[in-house]
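Protein chains: 2
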Amino acid sequence: MKAVGFKKHLSLEDKNSLFDFETPIPKATGRDLLVKIDAIAVNPIDISVRMNGSEEYGTPKILGWDACGTVVSTGEQAVLFKKGDFVFYAGAFDRPGSNAEYQLVDERLVGHAPEGMDIADVAAMPLTSLTAWEALFEKIRVNIDDVSDNEKKTILIINGAGGVGSVATQLAHLAGLHVIATASRTETIAWTKAHGADQTINHRQKMAPQLYELGYENVDYILGLNDIDGHFKEMAEMIKPNGRIVSITGNKKPLDLGLLKPKSAEFMWEWMYTKSYYQLPEMITQHESLEKIAVLLEQKKIKSTANKIIDGINAENLKAAHALIETNSSIGKIVLCR
Amino acid sequence: MKAVGFKKHLSLEDKNSLFDFETPIPKATGRDLLVKIDAIAVNPIDISVRMNGSEEYGTPKILGWDACGTVVSTGEQAVLFKKGDFVFYAGAFDRPGSNAEYQLVDERLVGHAPEGMDIADVAAMPLTSLTAWEALFEKIRVNIDDVSDNEKKTILIINGAGGVGSVATQLAHLAGLHVIATASRTETIAWTKAHGADQTINHRQKMAPQLYELGYENVDYILGLNDIDGHFKEMAEMIKPNGRIVSITGNKKPLDLGLLKPKSAEFMWEWMYTKSYYQLPEMITQHESLEKIAVLLEQKKIKSTANKIIDGINAENLKAAHALIETNSSIGKIVLCR
Numbered sequence: 001m002k003a004v005g006f007k008k009h010l011s012l013e014d015k016n017s018l019f020d021f022e023t024p025i026p027k028a029t030g031r032d033l034l035v036k037i038d039a040i041a042v043n044p045i046d047i048s049v050r051m052n053g054s055e056e057y058g059t060p061k062i063l064g065w066d067a068c069g070t071v072v073s074t075g076e077q078a079v080l081f082k083k084g085d086f087v088f089y090a091g092a093f094d095r096p097g098s099n100a101e102y103q104l105v106d107e108r109l110v111g112h113a114p115e116g117m118d119i120a121d122v123a124a125m126p127l128t129s130l131t132a133w134e135a136l137f138e139k140i141r142v143n144i145d146d147v148s149d150n151e152k153k154t155i156l157i158i159n160g161a162g163g164v165g166s167v168a169t170q171l172a173h174l175a176g177l178h179v180i181a182t183a184s185r186t187e188t189i190a191w192t193k194a195h196g197a198d199q200t201i202n203h204r205q206k207m208a209p210q211l212y213e214l215g216y217e218n219v220d221y222i223l224g225l226n227d228i229d230g231h232f233k234e235m236a237e238m239i240k241p242n243g244r245i246v247s248i249t250g251n252k253k254p255l256d257l258g259l260l261k262p263k264s265a266e267f268m269w270e271w272m273y274t275k276s277y278y279q280l281p282e283m284i285t286q287h288e289s290l291e292k293i294a295v296l297l298e299q300k301k302i303k304s305t306a307n308k309i310i311d312g313i314n315a316e317n318l319k320a321a322h323a324l325i326e327t328n329s330s331i332g333k334i335v336l337c338r
Numbered sequence: 001m002k003a004v005g006f007k008k009h010l011s012l013e014d015k016n017s018l019f020d021f022e023t024p025i026p027k028a029t030g031r032d033l034l035v036k037i038d039a040i041a042v043n044p045i046d047i048s049v050r051m052n053g054s055e056e057y058g059t060p061k062i063l064g065w066d067a068c069g070t071v072v073s074t075g076e077q078a079v080l081f082k083k084g085d086f087v088f089y090a091g092a093f094d095r096p097g098s099n100a101e102y103q104l105v106d107e108r109l110v111g112h113a114p115e116g117m118d119i120a121d122v123a124a125m126p127l128t129s130l131t132a133w134e135a136l137f138e139k140i141r142v143n144i145d146d147v148s149d150n151e152k153k154t155i156l157i158i159n160g161a162g163g164v165g166s167v168a169t170q171l172a173h174l175a176g177l178h179v180i181a182t183a184s185r186t187e188t189i190a191w192t193k194a195h196g197a198d199q200t201i202n203h204r205q206k207m208a209p210q211l212y213e214l215g216y217e218n219v220d221y222i223l224g225l226n227d228i229d230g231h232f233k234e235m236a237e238m239i240k241p242n243g244r245i246v247s248i249t250g251n252k253k254p255l256d257l258g259l260l261k262p263k264s265a266e267f268m269w270e271w272m273y274t275k276s277y278y279q280l281p282e283m284i285t286q287h288e289s290l291e292k293i294a295v296l297l298e299q300k301k302i303k304s305t306a307n308k309i310i311d312g313i314n315a316e317n318l319k320a321a322h323a324l325i326e327t328n329s330s331i332g333k334i335v336l337c338r
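If you read the protein sequences in the order shown, they are chains A and B.
For the first sequence, full-length UniProt numbering gives the first residue as 1, with consecutive numbering after it.
For the second sequence, full-length UniProt numbering gives the first residue as 1, with consecutive numbering after it.
Here chain A stands alone, though its shape is the one from the complex (with noise of 0.2 Å):
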């Protein structure tokens, strides 16, 4: 089969960063499912791990994470999905990748995909949908199925317009809270509105005076999506006593836990790999979950946040979406069809 992959850590600018090569097909065994792929989207996460690192590799490693395609054949373990189902995943971290003709997935990572829409749209959506519905039904712990108690609870989500901002916006909104967003740029600013977010702070700027400015003292829950090093302070000083922060950015500085500490806030990393990188049995949470969330997107309560298409699933295509995210100013997500 074909597929794109790399030997070294590379920049952009070498021939060798990423490149097409041919691999055998895998082989379907234990809960694994075989899956012929249709589209992939491009996260932040495909270009930190392509630059990152010292190895050497002795056979190309193969990135990719978001994926839809078509399941060609089953392992003897595998219940939940039969051949010729159309299905939706951003897979595990440690595995072979989704930039290739075929990938192998363990069937609890896995859902049907939404029925009726275009497979650019079904792509883009896997690992910012699992990210964001972690974040905030696992993590926060904003209860979706009963929105009644969200009515009067406020959520600031920090860099609202990337890939997991662009669905946590809208998943905050149909649980019901009000939903403050940041966005520094006018086609962030009406992308995040347009996407759920009731209102707008630029976080360039000092952002507790902004939302002072909208009538807010603090808020019930931060979601970080971006530095967190550099707002981790004003956040601690945004946060409601006994509130809740979850981050999906790392630090690189330490970060002043002991600010939060006079109101006994809370604070969580949420990594959406956790669970298959450590095998842990709440797994299959991630296959309920896409179930859901597909049929979110069929019901059009959420929508995809695609915003670039590109025709083929090849090393030139990925670089140019590689180098776009790299801008850091991309909007909503970048999807390769085959």
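Read the hints as simulated data drawn from the structure, not as lab findings.
Here the structure is a predicted model, which is why all the values come from computation and not from measurement.
Each residue gets a CB set at the ideal place from its N, CA and C atoms; glycine is no exception.
Careful: at least some of the hints might be erroneous.
As a list, the in silico EDC-like pairs of lysine to aspartate or glutamate whose alpha-carbon atoms are at most 20 Å apart [unchecked claim]:
(1) A:Lys233 - B:Asp256
(2) A:Lys153 - A:Glu237
(3) B:Lys240 - A:Glu138
(4) B:Lys240 - A:Glu282
(5) A:Lys261 - B:Asp256
Negatives, chain B to chain A, calculated, CB over 12 Å [unchecked claim]:
(6) Ala135
(7) Lys139
(8) Lys301
Derived CB-CB ranges, DEER-like [as the list claims (entries may be wrong)]:
(9) B:Lys252 - A:Glu56: 39 to 45 Å
(10) A:Asn202 - B:Ala323: 27 to 33 Å
(11) B:Lys292 - A:Asp145: 38 to 44 Å
Starting from the known structure of chain A, fit chain B onto it as the hints suggest.
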């Protein structure tokens, strides 16, 4: 009325570090109760507030949080208690304390004292019980109403024989958790086992290998009750993926929070004064929790952690109590009775 107070933050050698003085009996208004104090307990917070600060007070500052006593009058909005009720409470951080003959306390922070117990045993309990209760049942979210889910879960309580540890081990045991507590001396090991710990390890040696010896690769929950600076790295190593860490002791150095990221682990501070300090609506939960704690004490499902009783609430005795806690090796609680 008689009271004990200080005007400057001094070490115990200074005779003015704590002194007896006379001050008018205050008057209950709003939701306050005026309580005639029968017994008080001394906590590390008493020592910390007495020692740290550069302020000088015109009128003496009265310390003391834990107390039990009798309601002698109520404010016009008080609805939960009446004159003559025997009550226990840990009060608010920022109001005059219990080291006095009478004290005002907001009724939302007060419980009916358990019946049939010595006043010393009652006075020992509020602050540590509320802290342990909130840490376990509100922050870590152990289900106390349906304990069937807790049987397979393990909690590590660092410093099991201290004030909060001696209640937390009991409550965690009552909730059905497997309780591993840390203790380093023969007498603290015996004490913590008598207060609900199933097993102990020594926090003065590397903890992870000892945990492994007991058959545990990691634990679901960690309750950190001392030296988070010294223990944080090991806490991150020992916590289960998606596990929960709660700490009551503040950090003096930056904590490497990124260690928790791959595991998507949660970190929560517990400060039992957050609710009253910020006057949160959930202040009332401290009344509710104390009512439940009183029942557990009456039913002997948990026992008082009073371990040393001194007769007479005065400066001399308080200094002796402070001195004992300053050794950092006291077990259970020190109580002063009128």
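*Going by Cβ atoms, does Ala135 of chain B stay more than 12 Å from chain A at every point?*
violated, 10 Å
*Note whether the CB distance of Lys252 of chain B and Glu56 of chain A lies within 39 to 45 Å or breaks it.*
holds, 43 Å
*Given the proposed pairing of Lys240 of chain B with Glu138 of chain A, does the C-alpha separation stay at or below 20 Å?*
It holds: about 16 Å lies between the C-alpha atoms, which stays within 20 Å.
*Using the beta carbons of Lys292 of chain B and Asp145 of chain A, state whether their distance is inside 38 to 44 Å or not.*
Once the Cβ atoms are compared, 27 Å apart, the range 38 to 44 Å for Asp145 of chain A and Lys292 of chain B is violated.
*Holds or violated: Lys233 of chain A to Asp256 of chain B, with C-alpha atoms at most 20 Å apart*: Roughly 16 Å between the alpha carbons, so the hint for Lys233 of chain A and Asp256 of chain B holds.
*Could you tell me whether the CB distance from Asn202 of chain A to Ala323 of chain B stays inside 27 to 33 Å?*
violated, 54 Å
*Is it true that the CA of Lys240 of chain B sits at most 20 Å from the CA of Glu282 of chain A?*
Holds. Lys240 of chain B to Glu282 of chain A sits at ~13 Å (cutoff 20 Å).
*Restraint check for Lys153 of chain A with Glu237 of chain A, where alpha carbons must lie at most 20 Å apart*: Cα-Cα ~17 Å, so holds.
*asked:* If we take the beta carbon of Lys139 of chain B, is the closest beta carbon in chain A still more than 12 Å away?
replied: violated, 7 Å
*Beyond 12 Å from every chain A Cβ: check whether that's true for Lys301 of chain B.*
holds, 26 Å
*Quickly compare the C-alpha distance for Lys261 of chain A and Asp256 of chain B to 20 Å and report which way the hint goes.*
Distance ~16 Å between Lys261 of chain A and Asp256 of chain B Cα, so the pair holds.
Comparing the model with each earlier hint shows violations of hints 6, 7, 10 and 11; every other hint is respected.
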